[in-house]
Structures are given as C-alpha cells and as structure tokens.
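The residues making up each chain are set out below.
There are 2 protein chains.
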Amino acid sequence: MNRSDTDTDTDTEARHREKMQRLKAAVDARIAQAQEDTGVLLVLTGPGKGKSSSAFGMVARALGHGMKVGVVQFIKGATPTGEERFFRRFPDEVTYHVTGEGFTWETQNRARDIERAQAGWVLARGLLQREDVPLVVLDELNIVLAHGYLELDTVLADLTARPLHQHVVVTGRGAPPALVELAQTVSDIKVVKHAFRQGIRAQPGLEL
Amino acid sequence: MNRSDTDTDTDTEARHREKMQRLKAAVDARIAQAQEDTGVLLVLTGPGKGKSSSAFGMVARALGHGMKVGVVQFIKGATPTGEERFFRRFPDEVTYHVTGEGFTWETQNRARDIERAQAGWVLARGLLQREDVPLVVLDELNIVLAHGYLELDTVLADLTARPLHQHVVVTGRGAPPALVELAQTVSDIKVVKHAFRQGIRAQPGLEL
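Protein chains in written order, with this note's numbering: chain A, 51 to 258; chain B, 51 to 258.
A couple of the hints might just be wrong.
Now the in silico label distances, taken between C-beta atoms and shown as ranges [stated by the list, open to error]:
hint, chain 1, residue 1, chain 2, residue 2, range
1, B, Arg-139, A, Arg-65, 50 to 56 Å
2, B, Val-242, A, Val-172, 25 to 31 Å
3, A, Val-242, B, Gly-116, 26 to 32 Å
4, A, Leu-202, B, Asp-203, 47 to 53 Å
Straight-line C-alpha distance at most 27 Å; calculated DSS-like pairs for lysine-lysine [what the hints assert, rightly or not]:
hint, chain 1, residue 1, chain 2, residue 2
5, B, Lys-243, A, Lys-243
6, A, Lys-118, B, Lys-118
7, B, Lys-243, A, Lys-240
8, B, Lys-240, A, Lys-240
9, B, Lys-240, A, Lys-243
Everything labelled a hint here was simulated from the structure, so no lab data went into it.
For each residue, glycine too, the CB sits at the ideal point set by N, CA and C.
Construct the entire structure; sequences and hints are all you get.
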C-alpha cells in the first residue's frame, strides 16, 4: 500500500500515539530496571544543619519498611547522642557502631583519630558486604576523608563493590569530589541562619 | 598606689586573664540563659533532598532523650510512608497526624486541599499549646503556605505563642521570608545531583 498526502490526520495521530506509547514503555522499562538494580549512593554535605539528622530520618523510614539498617558514626560518640540511644532499642534491625571519640577538635590526638577511623572502616566494609542490609549510613565519613584519615581509593572501591540493591548515605562537610562523582544524589546544605551564632547551644532532640 | 611603666608583664597578664574570665563568665551566662529560655524554630527549605528526613531524624533524637514529639504532615499521606509506619509504633511518645492527601499535583482539587490544610493547622495549633511536647514537626508546611492555603499571620502568631522551651521544625520548599525571619536556624538544601534525574525512582527507605 502506498502512502499519499491524503493519509488522514487520524492516521498520523494514531502513529504518533503508538510511537509515544513505545517511548513510554521503554522509559518505564528503564526506570523499572534502574529501580530494580540500583541502590542509591546519597551524599549529604555542606555547612548547614540537617545532614546527620536526615540520614537518621532515613533509618526510621527504612525501619518502617521492615528493612535492616547498618550505621557507622565516624566522629560523634564522646557522649551517646539521642539517635544512638534511640536506635539501639532495635538491635535486631539496626547494627549500630560508634567509632569516633567526640569531635576532632576535642580529641587533639591525630594518631588515635586515624586508628579509630580505620577501625570504623573495617566495620563499614563489613556492612557494605551484607546482602541483607539494604541501607547503610556512614555518618561524618566526609570529615574523616577530608582529614586524610582513610584512603579515598579504598573507600570508593568498597562502595562500588557493595550489593547492587544497597543504599548508602554518607554525611559530613567537605565531601571529596570523587565521592560526589560516584554518588547518584548529592545535597549541599547551606546555612541561612544558625542558632549557635545567636548564643543558643546545641539542643537535645535537634542536634544531640 | 601609682601605676608605672615598671608594672610587670606578669601583672598585665593577670589582668588580661581576669578580664577574659569575666568575659567568658558573661558569655556562659548568656548562653545558659538562652538555652534555658528558648526553644528553637528551625526551618529546612530549598529544593534538595533531606528536608523531611532531617526532621524525622530529629524525632528519633528526641525520642532517644525521652522527649514527646508531635508531628503534622501537611502534604504527604496518600500512601503511608516509612516514617509514618515507623513512628506510629510509639503512640505514647509520638502524636502523629497526616492531613495531606498526596502531593498537590496529584489531588487537583484546590478547595479540598485548603480544607485539609486548615484542618491540619487546627491540629498543629493544639500541639503548639502543649507544654509536655518539646518537639513539634510541621512537615511540608512551607508548601501549604506557598500555595496560600493558610494565613501566614495566623501561623506566625501561633508559632510565637508556643511554650518557651518548645522546638519546632518546619520543612518544605519555598519558606516564606517572614518565617525565615522568625526562625533561629534556617538551612537551604541545594541539589548538586538527584537520582530522579538519572531515571531512578523514589526509593523506599530513602524518600518514602
């Protein structure tokens, strides 16, 4: 059958609709595939408030879906924080490691900090090998990397080798560019105002 | 006794130290006063990922400190999210209201959205009057305000009239300037990258 200029508009529309349907099916399949195969690496960085708390909100979400979660806190830990106290209530669901000994400016001991960071990474690697843990939080890892306490290549290699479906959330200021490159989602949290600067101390429930 | 150029360095140092100690005592007193008297209004805004999850991380922190928490979700709610499922496990500690019916672009019914928003604010106001609830989360309130579904002056007045020690966390894009003005801490979350844009759908545990 020959095509002619008299092909109806209806015919053109039908072809267009068909083409769009094929396109939509292809996009849907790609999205379904992506969702099926890919755990997200999420990096929360920048100086503003909300990086670690956001990671812990995702822990709560994951628990709401019956998922297991692994946490390594690389810097905090001199005193147990609210999040630690809370999530330790669920030892069957949350594997919770604290390797840091307070903020770095409080410890004043570089050799000790490096030792703790490396011990922390051994625990992190263990979580990054677990098929049964769909969410891993590496809290303040960026700080540890920025200080050069861990080798970046090792960290990137272990993140890349993790189970396909596993999500990882990395927090802390100063995310290294290669980590940002590897990540699918990156948020940069800016300070518009901070209560600290108005003489209000860190508040239990908000920061601690 | 006359002072002279022969006043010792030690003497000068002692005076300096004394002055610094007085200054430090004054600053400490001011901080202690501020902490004692002031609940923080925290606003998490901007297009990046992590606003609501951060608020829910603070809920977990607060629960770790044995605090009671109130939550109103103004937009989400068409399907129960992970955070809702999880925090509803603690009905004695968390008062959890969901007033929205899915994202606004899904509902397509402005009159209904306004009605739900106003019902939500009645519940929020109730929480903002409770002395026994030290943390209140108003999730996606900014969106509701940006759409003009609630009167901003009413919202600001109720926030201002809340108990002195109560912390409030408000989330959502497009925080109105007057709310930013009233807040002590404001973070603006920027998108560096987002997995959505790479064909990966919202992930249970991360976004849902």
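Against the structure, the hints come out as follows:
{"no.": "1", "hint": "Arg-139(B) <-> Arg-65(A): 50 to 56 Å", "result": "holds (54 Å)"}
{"no.": "2", "hint": "Val-242(B) <-> Val-172(A): 25 to 31 Å", "result": "holds (29 Å)"}
{"no.": "3", "hint": "Val-242(A) <-> Gly-116(B): 26 to 32 Å", "result": "holds (31 Å)"}
{"no.": "4", "hint": "Leu-202(A) <-> Asp-203(B): 47 to 53 Å", "result": "holds (51 Å)"}
{"no.": "5", "hint": "Lys-243(B) <-> Lys-243(A)", "result": "holds (24 Å)"}
{"no.": "6", "hint": "Lys-118(A) <-> Lys-118(B)", "result": "holds (25 Å)"}
{"no.": "7", "hint": "Lys-243(B) <-> Lys-240(A)", "result": "holds (15 Å)"}
{"no.": "8", "hint": "Lys-240(B) <-> Lys-240(A)", "result": "holds (7 Å)"}
{"no.": "9", "hint": "Lys-240(B) <-> Lys-243(A)", "result": "holds (15 Å)"}
Consistency note: the structure conflicts with none of the earlier hints.
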